[in-house]
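Student: Protein sequence lines correspond, in order, to chains A and B.
Position 331 of the first sequence, counted from 1, bears residue number 331 in this note's numbering, the numbering being contiguous throughout.
For this note's numbering, add 413 to where a residue sits in the second sequence, where the first one is 1.
These are computed hints drawn from the structure, not numbers from a lab.
None of the values given here were measured: they were computed from a predicted structure.
Don't be surprised by glycine CBs; every beta carbon is placed ideally from N, CA and C.
Among the hints, a few may not be true.
Pairs of lysine to aspartate or glutamate, EDC-like flavour, derived with a Cα cap of 16 Å [stated by the list, open to error]:
(1) 506/B / 361/A
(2) 383/A / 292/A
(3) 815/B / 737/B
(4) 93/A / 758/B
(5) 506/B / 363/A
(6) 506/B / 345/A
(7) 93/A / 774/B
Computed far set for chain A versus chain B, every beta-carbon distance over 12 Å [as the list claims (entries may be wrong)]:
(8) 7
(9) 10
(10) 143
(11) 161
(12) 171
(13) 212
(14) 270
2 protein chains.
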Amino acid sequence: MSGSVSPLAPKSFVSMPPLRGVRLATASAGIKYKNRTDVLLMVFDRPATVAGVFTRSKCPSAPVDFCRANLPHGSARAVVVNSGNANAFTGLKGRHATALTAKSAAAAVGCAENEVYLASTGVIGEPLDATKFAGVLDRMQVEATGDFWFEAAKAIMTTDTYPKVSTRSAEIGGVAVTINGIAKGAGMIAPDMATMLSFLVTDADIAPAALQALLSDGVGPTFNSMTVDSDTSTSDTLMLFATGAAAEDGQARIERADDPRLAAFRAALNEVLKDLSLQVVRDGEGATKMLEITVTGAESDAAAKRIALSIANSPLVKTAAAGEDANWGRIVMAVGKSGEMADRDRLAIWFGDIRVAVNGERDPDYSEAAASDVMKAQDIPVKVDIGLGAGTATVWTCDLTKEYVAINGDYRS
Amino acid sequence: MSGSVSPLAPKSFVSMPPLRGVRLATASAGIKYKNRTDVLLMVFDRPATVAGVFTRSKCPSAPVDFCRANLPHGSARAVVVNSGNANAFTGLKGRHATALTAKSAAAAVGCAENEVYLASTGVIGEPLDATKFAGVLDRMQVEATGDFWFEAAKAIMTTDTYPKVSTRSAEIGGVAVTINGIAKGAGMIAPDMATMLSFLVTDADIAPAALQALLSDGVGPTFNSMTVDSDTSTSDTLMLFATGAAAEDGQARIERADDPRLAAFRAALNEVLKDLSLQVVRDGEGATKMLEITVTGAESDAAAKRIALSIANSPLVKTAAAGEDANWGRIVMAVGKSGEMADRDRLAIWFGDIRVAVNGERDPDYSEAAASDVMKAQDIPVKVDIGLGAGTATVWTCDLTKEYVAINGDYRS
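This is chain A alone, in the form it adopts within the complex (with noise of 0.2 Å):
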């Protein structure tokens, strides 16, 4: 496995700032790795709401099923996240583990253990020995500071080759506040490694109701319009959570989403999600490129999501781009095994600005070199027009490569 990091990675890393009402703190609890850090804590000194989205897997893990059963109540104290092991598919151990590390860090904190939030990546099918928290939770909740999000972002990492992280400011009814993000995620699955987990925190004040909403709108056009290798991992997890302490400076609570005060907050929030779903594509496993897949004219919005995603996810279209190759057939062949309504002799597709083909064939004025140097940068716009309806979408992938295939292949050999 090779251990430098994806040429596709931030240039610099945004500094994090502090956020009232949420401490983290990390720890080495040994689970799997040596010499890193793979526990994180969250502690809300004070109820926070919270939202959440989980993976669509019919097979989850034992924490999504737990996050899952607690979510009706609405609010938050602690959130623990391990790497090195998922949790998944352990049976009866599993639910266990995650009614120990609950008990542990309900304990630690000092609440309900329906306030706490878990999560875990890492190998599949691997008892998760969670008496390894028991002896960390006390202290990390005594450590536990608010300007700590970078390695917070770092104690979650798997295959990732650097930690991820996003934030963004609004204000609500004049009121200043903030959102910060972390992800982490390199392939759906890496080996034997569950997972995307993402964990954002504002100090708004906000409802559970109308966070949910706000969440679950946001996910659309973000982390649920990317993919690295269309698998899904067992352990998918993204949370948003609100500690209110922008209550102080007198915002007003929000209890609905559709209320327009909210229009700059879910706009801010809307960025962080696709910073950082673009940042979990970006560190595609064994990734050299971006592709950016728009479909427009499509019979509806859901049919150009579909086709954009069957594009993203053809094989010989990732291994075209990581061959910087405009092969612009093989995106015909994903317009048609979409399933989605096409008519071959209205299409027309491009590479960046250069259109290739059109009207069902190739275009009579297509520059091979001009669409060749689009396809040798690293970030490759394509766009393709079904030319049959107003639906459009937009997806990220990232090249196939050999490295893909060593990371995931050649890791037991």
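Fit chain B to the given chain A structure using the hints.
Tutor: Coordinates of chain B only, in the frame set by chain A:
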């Protein structure tokens, strides 16, 4: 691109018998390749009945459109297949090319244009110069001979590393009949090359509707149960012709697919279909392993097949196979993402005879060494029991290797 033969190729090729009522010829028309044949002509001196199954792509090639239009006539006198150019996404020019090819073939053979069938495989989006056929079809018609099946299979290859042939015999009402078949295909779309093509001929006397029913039934557990890279060609074509020559031996024409006299023929046909489809998987681009994935206990056979294909198309399952890694966590992941009903705590998974997981967790008796031995073989059986119902399915795929990426990504570099 590697010039070596797939390690999964047959150790020897069957001897293909001549088949009454069909003659074959090949030629080098210089469509794309040098120093090899690239056109196949099949001639039926008396009209053969015909059945066909085609790509589900919404962007099919011009020859697929042409065949679909002729199929209702139910009668065939000539088949023209070329490699090197798929005549796909070629707009009006593509339709002109099929029309001209059909006209040339009809003139050479002395039949109507709606008795001609066409298939093309190769580059997408490049206009096909059909005038190249006009010069060779007359001579091919004269030279065509019954004992030419192996050469026929070679002429239609693109990135295939070996020709694919199969033959079986059966009796219909006490009269011996034969089924011969050829196929090509290595990726669903190879480097700019489209397609799986397969042509079967029998000397049995079977009416078109019965022939179509036999073929449509046979394709489900064979050609429609294999996947190399999940990508669907614009040009996939599978055709079955019945020359009826066995009528000379007293075989009574079969009008209905449910005629009990067809039992042995149906079994033989399904064997040819399975043999050819497995040969295509075993020539999968870059393949070093074949996986046979059997799902039992699903809610229905259709659900079992969707789960099996979710496993077979998972890049993480396929890279694990390349690395000889008995990674059952990725099987769980692929079951979970299929969208079909599955109860995590009832799942059981086997590699070969080694049960690695049961009741939603690692099998306590599982020997990693024994499972690793299974993974070292060329042919790897994977079995998953969902534990919910009686639905079963088996599909075949190959591993995903760096060589696949090289074949599909490196060829322009």
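Student: Now tell me if each hint is right for this structure.
Tutor: Cross-check of the supplied hints:
1. 506/B / 361/A: At roughly 9 Å apart (the allowed maximum being 16 Å), residue 361/A and residue 506/B satisfy the hint.
2. 383/A / 292/A: holds, 8 Å
3. 815/B / 737/B: Distance ~14 Å between residue 815/B and residue 737/B Cα, so the pair holds.
4. 93/A / 758/B: Distance of about 12 Å is within 16 Å: holds.
5. 506/B / 363/A: holds, 13 Å
6. 506/B / 345/A: Roughly 12 Å between the alpha carbons, so the hint for residue 506/B and residue 345/A holds.
7. 93/A / 774/B: At roughly 9 Å apart (the allowed maximum being 16 Å), residue 774/B and residue 93/A satisfy the hint.
8. 7: Nearest chain B Cβ is 16 Å from residue 7/A, so the label holds.
9. 10: holds, 26 Å
10. 143: holds, 33 Å
11. 161: Check passes; 18 Å lies beyond 12 Å.
12. 171: Answer for residue 171/A: holds, closest chain B Cβ roughly 40 Å.
13. 212: Check passes; 23 Å lies beyond 12 Å.
14. 270: holds, 26 Å
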